[in-house]
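Enquirer: Here's the letter readout for the chains.
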Amino acid sequence: MTSEGQQRVHVIDDDPSICDGVSNLLEAVGIQTECYSSAEQFRSSSARVLDGCILLDARLPGISGPDFQDELLRSECRMPVIFMTAHGDMPMVRKVLKAGAIEFLIKPFQKQELLHAVQQAFSLNAEHRKEGAALLSIRTKIERLTEREKQVMAMVTAGLLNKQIAAELEISEIMVKVHRRRVMEGMQAESLAELVKMCERVRFPSWVANH
Amino acid sequence: MAAARTESVPELAFQYALKPCAIAVVFVLVALLWTFPLQHWIDYPFVFLFFGAIMGSAWFGGRIAGLVAVVLSSFLVTYFFIPPLYSISVAAESQSFLAAFILFAITMSFVSSSRKRAETEVRQARDLLETRVKERTADLELSNREIQRSERELRLLTEAIPQQIWRADSTGSIEYVNQNLRRYLGVPEEALLGDRLFKRLHIQDAEQVQDAWTQALETGTGFEVQARLRNASEEYRWFLIRAFPRRSEDGKVVRWYGLHIDIEDRQREQQSLIVRQERFSRLSRDLSMSELAVSIAHELNQPMTALVTHAYACREWASCNPPNLARVSATAEKIVQESTRASAVVRRVRSLFHNEEPIRVSSDLNRVIEDSARLLRDEAIMESVRVVLDLQHELQRVEIDPVQIQQVVLNLAKNAIEAMARSPVDRTLQISTRKANEDEVLVTVNDTGPGIAKEFVANIFEPFFSTKRHGTGIGLAICRSIVEAHGGRISARNEPTRGATLQFTIRVKA
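Heads up: the protein sequence lines correspond to chains A and B, in order.
In this note's numbering, each residue's number is its place in the first sequence (first place is 1) plus 69.
In this note's numbering, each residue's number is its place in the second sequence (first place is 1) plus 363.
No lab work stands behind these hints: they were computed from the structure.
This one's a predicted model, so the numbers in the text were calculated from it and none came from an experiment.
Take the hints with a grain of salt, since some may be wrong.
To give an idea of the chain B side of the interface with chain A (calculated C-beta under 7 Å), a few residues [claimed, not checked]:
1) T534
2) N664
3) M667
4) A669
5) A676
Simulated coverage check for chain A against chain B, where a stretch passes if three residues somewhere in it have a Cβ under 8 Å from a Cβ of chain B [unchecked claim]:
6) 77-88
7) 175-182
8) 247-259
All C-beta atoms, glycine included, are put in the ideal place defined by N, C-alpha and C.
Working from the sequences, and respecting the hints, build out all of it.
Expert: Right, dumping it as structure tokens:
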């Protein structure tokens, strides 16, 4: 919960009074907000990191809410999205919820509805953030390995025996064992299974025979 | 006679001279020849025979022959039989006899010839008469044949034309129906004579037709009604039934002629046209209404959302420890702003409705109601409801929005039909118009349903009030606002026995 203190809600609505009202309420319960009058304005801002969630009006001038959700999904930004609208038509509601929206709030909404959705979004965001941090540490560890160690790791995770690796790299089996130990140490992996899992998480390319 | 006048001279001579003389000579000579042998036995036998000759001459030869015979006989009698014999002198004692003879002979000739002439005239007159009669008879026969021929043609025509025709006697008993009508109904002529044709009418139209027919028979004026007739395949079609009388010279009705014109297709077309029109106008109204509703909802939703969130925020700021009074007061200010914005939207919407120019067209209210009744036709048939229109003739024209008033009538009528859905018998919907006073007309919609529940009579015109399961409670409220916009009043009451009456007034001048 400590991380939630730094999270904020990005409110995107073309009606300033809505932005004003929502941010006033959220601030009153201790949640920071940023207001944008359009999706484009949000895009051009620096809010690229996972620092909270987006409260998005479905009807916006320029890029519409659902279109902007698509755009976010395609990009690296995985901030959770909460929709709000004055009149939700069912097909649109279904579409955006399927695409991963946290909630669809019908204006005017109650305080509890809004806060509940924001909490959900924040905890999801925290998960994303945790996930992101884990991936980052794996990537850093991989970066620290030498080229030869990366080669050996790719072959090991592909299921090759030491003997086969030695033949493939034209080095002695002893050397393979040395590289292998260094990989396990560098990656802080307890077992081969853990190493394979780590490589899969960051989509590290495993070895493929040339012939 | 005309023919005699043109006769030529020789013919005239023969007619008036030669022929009478010849006849007289022949008769007198015959008498003379008979007198000679007879005189040996009878004294003065010549008298009778010569009288006979004179009578005969006068009879057969005419007056001239008679006179010739008289002269000839007198001469011959004087010469042969009156002493001195064989001389034309007369002895003194025989002179009186001769004179009596001549006198008698002349008289006889006259009597005989005039009798003859009289008889001839009688015969001629009789002949003339006979000829005339013959001529007349021939003429009559000719014209009779002509009449028969034209009657055959006429009958052929009535049998052949595609309309349905019947003929009734002065009491209204049908005595002839044409082929088309027989074929449509699929029964022989005997089954339609008298009043049996009217048994084929739709049960809901029978009374109306019967009334019109009775009235026509009483007043001797024709009528025209629309009614359904059942055909051979048990289907009903709409007909325009028209009857008109034929009068004799003294003005008495001697015959009635009936004509049925099939208007089913026309009726259907008209009906579907009206329905389509109504549907279209309703649709466009619904569409614009729903669009309007959506935009109003959106317009109002924005300030409402802001209001609600600010209100929540206000409470949060106030419940802080210590309360953040600066934020409380700022938020309260926002609440005031948003409320003002919301009421501005409401004001704008209201002005939108008020600005709409009302439509007022001088209309025949009866016509509007007849159109409405036509629209109700299918529904009424489906629910076995009899629709009776009791429209006052020569009703004042009213300045109305016909579409709106029709909506009111339809709405009231449909409610009435629905109300009667559970009535076991005699489902009658009556719509009537009356002149209420100089400025107002009254429209009444009456049903034979269970009536309105007592506790609801007072508020059935309130918006969102409904006794129907899926009712919106808008219909009668709209009716009331339409009627009031027309300067009228709408009211509802229960009839003492059964059924409900809904009525409204309309001002003649908008």
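Enquirer: Please go over all the hints and tell whether each is borne out by the structure.
Expert: Results for each hint:
1. T534: Where the cut-off is 7 Å and the nearest Cβ of chain A is about 72 Å from T534 (chain B), the hint is violated.
2. N664: Since the shortest Cβ distance to chain A is 4 Å, the answer is holds.
3. M667: For M667 (chain B), the interface hint holds, since the closest Cβ of chain A sits about 4 Å away, which is under 7 Å.
4. A669: holds, 4 Å
5. A676: holds, 4 Å
6. 77-88: holds (count 3)
7. 175-182: holds (count 5)
8. 247-259: Coverage by chain B is violated here, the residue count being 0 at a Cβ distance below 8 Å.
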